[in-house]
Amino acid sequence: MKKVIVNGIPRQAVLKPAHAVYRLQNQRFDIGDRVVMVKDSGSVPLSIKGVIIGINAKTLDVVWDVSFMSGSTLGNRCVVCPNCSTGVIVG
1 MKKVIVNGIP RQAVLKPAHA VYRLQNQRFD IGDRVVMVKD SGSVPLSIKG
51 VIIGINAKTL DVVWDVSFMS GSTLGNRCVV CPNCSTGVIV G
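Going by the numbering used here, 16 is the number at position 16 of the sequence shown; the sequence numbering is gapless.
Rather than coming from a laboratory, the hints here were simulated on the basis of the structure. Please note that the accuracy of each hint is not assured.
[Unchecked claim] Distance condition first, Cα-Cα at most 25 Å in a straight line; then the derived DMTMM-like pairs of lysine to aspartate or glutamate:
#, residue 1, residue 2
1, Lys2, Asp61
2, Lys2, Asp33
3, Lys3, Asp30
4, Lys16, Asp61
5, Lys2, Asp30
6, Lys3, Asp65
7, Lys16, Asp65
8, Lys3, Asp33
9, Lys49, Asp61
10, Lys16, Asp40
11, Lys49, Asp65
12, Lys3, Asp61
13, Lys39, Asp61
[To be verified] What follows is a set of in silico ranges between Cβ atoms, one per label pair, in the way DEER data are often shown:
#, residue 1, residue 2, range
14, Lys2, Ile31, 13 to 23 Å
15, Asp33, Phe68, 19 to 29 Å
16, Ile31, Arg11, 25 to 35 Å
17, Gly54, Asn7, 34 to 44 Å
18, Ser70, Tyr22, 39 to 49 Å
19, Gly8, Met69, 19 to 29 Å
20, Gly54, Val4, 31 to 41 Å
Even for Gly, the Cβ is constructed at its ideal location relative to N, Cα and C.
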């Protein structure tokens, strides 16, 4: 990972990825909310953005803006569409 110096942002405004699981556990989401992956472990790459398309008891279904190796079709609800602006059709 490339290190970058960012000026002008208060230290308390920066979230360390290792702290995400503790600091963000009480968040509430709705269908259509934009999200950013802030956890640095797991199958979704850090800082990738997406849109929530489903809310389950303990998980969220998200269509990410870019594809990645461990992504899924969410039980065939999403299919790749090379001619679409997003590249994905949600059914």
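Which of the listed hints are not met by the structure? 1, 2, 3, 5, 8, 12, 14, 18, 19
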